[in-house]
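Chemist: Throughout the sequence shown, residue numbering follows this note's numbering, covering 1 to 177 in sequence.
What the hints contain is simulated information worked out from the structure, not anything from laboratory work. One or more of the hints may lead you astray.
What the hints assert, rightly or not - Computed list of lysine-lysine pairs in DSSO-like fashion (alpha-carbon distance at most 30 Å, straight line):
1) K31 / K84
2) K119 / K109
3) K28 / K71
4) K84 / K109
5) K166 / K143
6) K119 / K163
7) K71 / K166
8) K163 / K109
9) K28 / K84
10) K38 / K28
11) K31 / K71
12) K143 / K84
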Amino acid sequence: MTSSDIIEVLSIITSTIIGVISIYYSNKAIKIASDANKLTAEITAETNRPVVVAYLETVEIESFHKYMVIKNFGNTPATILDLKFMQSIDEYDFNMSSLIGYTIAPSQKFMHVIDNDLKGTVIVNIIYQTVTGQNFDEVYQVKLNATEKLFWIGSNDQDKQLKFMKNAAEAFIKVLK
1 MTSSDIIEVL
11 SIITSTIIGV
21 ISIYYSNKAI
31 KIASDANKLT
41 AEITAETNRP
51 VVVAYLETVE
61 IESFHKYMVI
71 KNFGNTPATI
81 LDLKFMQSID
91 EYDFNMSSLI
101 GYTIAPSQKF
111 MHVIDNDLKG
121 TVIVNIIYQT
131 VTGQNFDEVY
141 QVKLNATEKL
151 FWIGSNDQDK
161 QLKFMKNAAE
171 AFIKVLK
């Protein structure tokens, strides 16, 4: 074997090794990019998913009025599959059951008046489904007497109608927020 043959064989071996190493690192880069794309898709889905929450809201018109609220704080709609209250929140046991099977839009909320004498904590279980078919089972503890020791200042006008209108306007603005 001549020296030119040896150089030729070494060149072939070297280029083959470099080719194999290049293929290895290319595959590794493709896998990293694929994992990054998958992670981006998961983060996007998590960020945009619906978040259906139960909480207490109060409105002050002459006095406090309590409402159980179911609201979608997420960025996509959700279909409520089941809604359970571990304690009844109304005398007829309706417990917002008409929302089962309803698709609640982002930022949409439903309010259900609660008797001011109702105390304690209500455990609310909401099972809902995303538009992609993913199910979520959320449990919330809603303290019904959370506003019991909060100060409230209403209008001190002597004119009953004017006082009512001011308090109603304030409550309306609060509900819109």
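Chemist: For the pair supplied as a hint, K31 and K84, confirm whether the alpha-carbon distance does not exceed 30 Å.
Modeler: Violated: K31 and K84 sit about 45 Å apart, past 30 Å.
Chemist: Take the C-alpha atoms of K163 and K109, compute the straight-line distance between them, and say whether it is at most 30 Å.
Modeler: OK: K163 and K109 at ~28 Å, within 30 Å.
Chemist: Straight-line Cα separation of K28 and K84 no greater than 30 Å?
Modeler: Not OK: K28 and K84 at ~49 Å, beyond 30 Å, violated.
Chemist: Does the structure keep K28 and K71 at a Cα separation of 30 Å or less?
Modeler: Given pair K28, K71 is violated - Cα atoms ~45 Å apart, limit 30 Å.
Chemist: Hey, K119 versus K109, does the alpha-carbon distance stay inside 30 Å?
Modeler: Answer holds: K119 to K109 is near 23 Å, not above 30 Å.
Chemist: Take the C-alpha atoms of K166 and K143, compute the straight-line distance between them, and say whether it is at most 30 Å.
Modeler: Given pair K166, K143 holds - Cα atoms ~28 Å apart, limit 30 Å.
Chemist: Is K143 close enough to K84, meaning Cα to Cα at most 30 Å?
Modeler: Cα-Cα ~16 Å, so holds.
Chemist: For the pair we were handed, K71 and K166, check the Cα-Cα distance against 30 Å.
Modeler: holds (27 Å)
Chemist: Just to be careful, I want the Cα atoms of K84 and K109 compared with a cutoff of 30 Å; is the pair within it?
Modeler: It holds: about 17 Å lies between the C-alpha atoms, which stays within 30 Å.
Chemist: Given the hint that K38 pairs with K28, test it: the Cα-Cα distance must not exceed 30 Å.
Modeler: Given pair K38, K28 holds - Cα atoms ~15 Å apart, limit 30 Å.
Chemist: Hinted pair, alpha-carbon criterion (30 Å max): K119, K163. Please report holds or violated.
Modeler: Holds. K119 to K163 sits at ~29 Å (cutoff 30 Å).
Chemist: Is the hinted pair K31 and K71 satisfied, with a Cα-Cα distance of at most 30 Å?
Modeler: violated (40 Å)
Hint compliance for this structure: hints 1, 3, 9, 11 are broken, all remaining hints hold.
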